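With the hints in hand, could you dock these two chains into one complex?
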Amino acid sequence: MIRIGNASGFYGDRLSAMREQLEGGELDVLTGDYLAELTMLILGRDRMKDSSLGYAKTFLRQMEDCLALALDKGVKIVVNAGGLNPEGLARKLDAKVGATIGYVTGDDLKSRFPEALTANAYLGAWEIAECLDQGAQVVVTGRVTDASLVVGPAAAHFGWARDDWDRLAGATVAGHVLECGTQATGGNYSFFTEIDATRPGFPIAEIDEDGSCLITKHDGTGGAVTVDTVTAQLLYEIGAPEYLGPDVTTHFDTIRLDAHERGVRISGTKGSPPPGTLKVCLNTLGGFRNSTTFVLTGLDVEQKAGLVRRQLQDAIGEEGLTWTLARTDQPDAATEEQASALLHVTVKTADPKRAKGFSRAAIELALASYPGFHVTAPPSDGTPFGVYQAAYVNRDEVSAKAVLL
Amino acid sequence: MKRPLGTIAGARSGDKGGDANLGVWVRSDEAFEWLNRFLTTEKLKELLPEAGEVSRYELPNLRALNFVLHGLLGDGVASSTRFDPQAKALGEWLRSREAEIPEELL
Chain A
1260 MIRIGNASGF YGDRLSAMRE QLEGGELDVL TGDYLAELTM LILGRDRMKD
1310 SSLGYAKTFL RQMEDCLALA LDKGVKIVVN AGGLNPEGLA RKLDAKVGAT
1360 IGYVTGDDLK SRFPEALTAN AYLGAWEIAE CLDQGAQVVV TGRVTDASLV
1410 VGPAAAHFGW ARDDWDRLAG ATVAGHVLEC GTQATGGNYS FFTEIDATRP
1460 GFPIAEIDED GSCLITKHDG TGGAVTVDTV TAQLLYEIGA PEYLGPDVTT
1510 HFDTIRLDAH ERGVRISGTK GSPPPGTLKV CLNTLGGFRN STTFVLTGLD
1560 VEQKAGLVRR QLQDAIGEEG LTWTLARTDQ PDAATEEQAS ALLHVTVKTA
1610 DPKRAKGFSR AAIELALASY PGFHVTAPPS DGTPFGVYQA AYVNRDEVSA
1660 KAVLL
Chain B
308 MKRPLGTIAG ARSGDKGGDA NLGVWVRSDE AFEWLNRFLT TEKLKELLPE
358 AGEVSRYELP NLRALNFVLH GLLGDGVASS TRFDPQAKAL GEWLRSREAE
408 IPEELL
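Residue numbers (the numbering used here), protein chains in the order written: chain A, 1260 to 1664; chain B, 308 to 413.
Bound-form chain B, shown alone (with noise of 0.2 Å):
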């Protein structure tokens, strides 16, 4: 059954510059085995069809995910005209799409 990302996942987000910065983490070693092996770079843009070039780097010790979003943000926050310019929310925007969630980690 698909359950959102967020059922499992946090998520914190926000921007350097015109980049915005998504951090992926869950609770448990294994959650973080299949997070690793589900959310990659082409499974984010999926989720988060507005992305473009994106980065990916883990951190498996913090059990998470740092994903850096290339020029989502257009000039930087005084100047970008997207809805949510400093990327505050795109962490939880990302935390609510849905996903099949394997059952032993609900």
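Isolated chain A (complex conformation) (with noise of 0.2 Å):
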């Protein structure tokens, strides 16, 4: 048996979740998920400012306070915080601590999709199973499948072969269900009032060699194991039951829960081999966006929502508009704010000074619109926005490498 832990979800996950998942009790590895599609965007504007950057810069910070503790305990680290610059996050560790860093590679496909702000498949298992044979306390990753920081280490750690399907396909299930962190224990749970949700612990996959596996969490730890969080979360970002990865592709509709007195035990998960083409993830530059919402309280909501669109639009112009009307008015109100409409208007434009002066137009109207005029923020100068694709390349396009320092 594997003890794998997940201490993050998303960049700007709880940042002591290290240490509680450190401290709380045993472990082998301690995974962390740091990219989310969004992330990758915010990631490749990082690198635009500064090439050195590009990573997730909290996980420097949690090594800083944990690593030590980490290498004490045994425990090794596997994180995709590399996002758009592993090898620049691993020589930062290595630079700061005295531990074994290896790093996994590959995933840029840049050159491939010039006119894209990031380009990075969606990379295996494999090169971190490769990293830990050769003695790596921490592998950094780029963008890798969420499911194979948890994949990897149970290869590495059992010797499975490439085309133990199964096995793979249990240890996918394990790897999404840590994937989200708190997800899996009482985070974001429809039954919340159930349990208690305060503050639920991070969790944690005892996972077997026949790839099956326990879903359970420190002692002591708030939230709840339980067949319906563990459900919950294995419904989260799915589509059709052929879960398609670039290691397996795994058959949830085969997977089976129980209830076990540390929490779900997962097992029955079948696999088959995964597709001849990996995934990627493109971010490109769309334009500018700018957007306010003004207020409208009382009467005549919808001619309120009419005079100001149609002055705003007077003096921008119509195009890249979009207006949305939300009806929270209620008549007759005893608050204020339930007697308040919102109306909602984004601009999206290929020209920042069209962005900008959205704002300026806005507030423009102040003291010349519909009575009761006002704003629920000061308006901004706007921000770029990115468009997100998928795209599919031939696995022989992509050439992954792990790599020691």
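Quick caveat, the hints were computed from the structure, so don't treat them as lab data.
A quick note: this is a predicted structure, and the numbers were derived from the prediction, not measured.
Certain hints may be false.
To be verified - No farther apart than 25 Å at their CA atoms in a straight line, the calculated lysine-lysine pairs in the DSS-like style are these:
1. B:Lys323 with A:Lys1369
2. A:Lys1538 with A:Lys1369
3. A:Lys1538 with B:Lys395
Stated by the list, open to error - If you want a taste of the chain B side facing chain A, the calculated C-beta under 8 Å gives, among others:
4. Arg310
5. Ile315
6. Gly324
7. Asn328
8. Trp332
9. Arg334
10. Ala338
11. Val384
12. Ala406
Don't be surprised by glycine CBs; every beta carbon is placed ideally from N, CA and C.
So this is what it looks like as structure tokens:
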């Protein structure tokens, strides 16, 4: 059995989770997911400003705080915090802390998709396993599938073969349950009133040689691990029951869940060979956006919305504007807020000047529009926005590499 | 009598690019038998009129249905002008919609 914990479900998750997981009980490997589709765009903009950046900076702080403790307890760290620059993060870590650092590279396909701000293939588990086999105590990757952070250490520990489809599928399910941290242990849970969800503990998978596992958490932590909390997380961000990944196709309609005194047993998962292509996460700069929200209180809500809409369109033109009127108002309301509707307007444009001018035009209406004119927040200059797309490339067009420093 | 679907069903939703996914599950085999008959693609669109093209998948082993709402989020989270651009609360919206739930399942 190998105990694999999770200490992060996104870039910005509970900073103290790593220490909580290391101090709370026994573990063999501690993983963390820092990369969402949106995060790749944020890191892409970091990298534009400073080419030595492009990784999750909070992970560096967590390592300064916790790596000595992890090494002391013999816990290996496997994270995708490398983002767009795993080598850069690995070298920074190497300079700061005395540990054997491995990194996974080869996901960056920007040369193949030059029009994109970021272009990264979703790599799999085997380069992580290779780093661990070579003795890495810390492995940092860029864009790998979230579940690979769990599949890699399990495959290395048990010496699984690349066609051990059912074992790999079982570990993929464990990884999918863990990848969003406390979403498996009672966070964001529909039946939260039935448990103490004040401060859910982070999840742990105790994986067996056959790929089955027990989902649990350290004793004394909050939240709950039940068939319902695990079911909720299994349903997060999935499509068809054939869950495609770079290492294996996992059949979610074969998963079996059973309540256990320490959590939930997962077994029975079937796997089959993965597709011949790898998914690529592409973020391109879509243009600039700006938005504001007009508060419409009391009578004549539709007419008030019509007036301000006409005024703003007269000032800057209709192009790129999206209007939404939310009728949150109630008639004859006892509070001012309950008497108010919200009119949201967003501009999306290729021209940064238009995004900036939008705010000025909205504010110039302040004494010249509907009665009771006000907005929920002061307008800004506008911000660039990204457009996400998935692309697919043949496996032989991607050369993933494991490197030990 | 009509009751919110969330009286017996849990849900979790999220984003994949411009698509949203919405998983719905119940807590007994009897409840799943009802849910699977009741919550067709057409019924989901009726309960969530903002939905466009919808794919529906059955996961009886989890007593769950999974729906993919294509294109609900435009070009994805960073670009979407939708309220709740990552579809985080889509499931809780569905749970608040009322349905004729058989008395014995309550």
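Do the hints match the structure? See the list:
1. B:Lys323 with A:Lys1369: Holds, because 21 Å separates the two Cα atoms, which is no more than 25 Å.
2. A:Lys1538 with A:Lys1369: Distance of about 14 Å is within 25 Å: holds.
3. A:Lys1538 with B:Lys395: holds (23 Å)
4. Arg310: violated (15 Å)
5. Ile315: This hint is violated: Ile315 of chain B lies away from chain A, its Cβ roughly 10 Å from the closest one there, beyond 8 Å.
6. Gly324: Holds - the Cβ of Gly324 of chain B comes within 8 Å of chain A, reaching about 5 Å at its closest.
7. Asn328: Holds: closest Cβ of chain A sits about 6 Å from Asn328 of chain B, inside 8 Å.
8. Trp332: Holds - the Cβ of Trp332 of chain B comes within 8 Å of chain A, reaching about 5 Å at its closest.
9. Arg334: holds (7 Å)
10. Ala338: violated (12 Å)
11. Val384: holds (5 Å)
12. Ala406: The hint is violated - Ala406 of chain B has no Cβ within 8 Å of chain A, the shortest such distance being about 16 Å.
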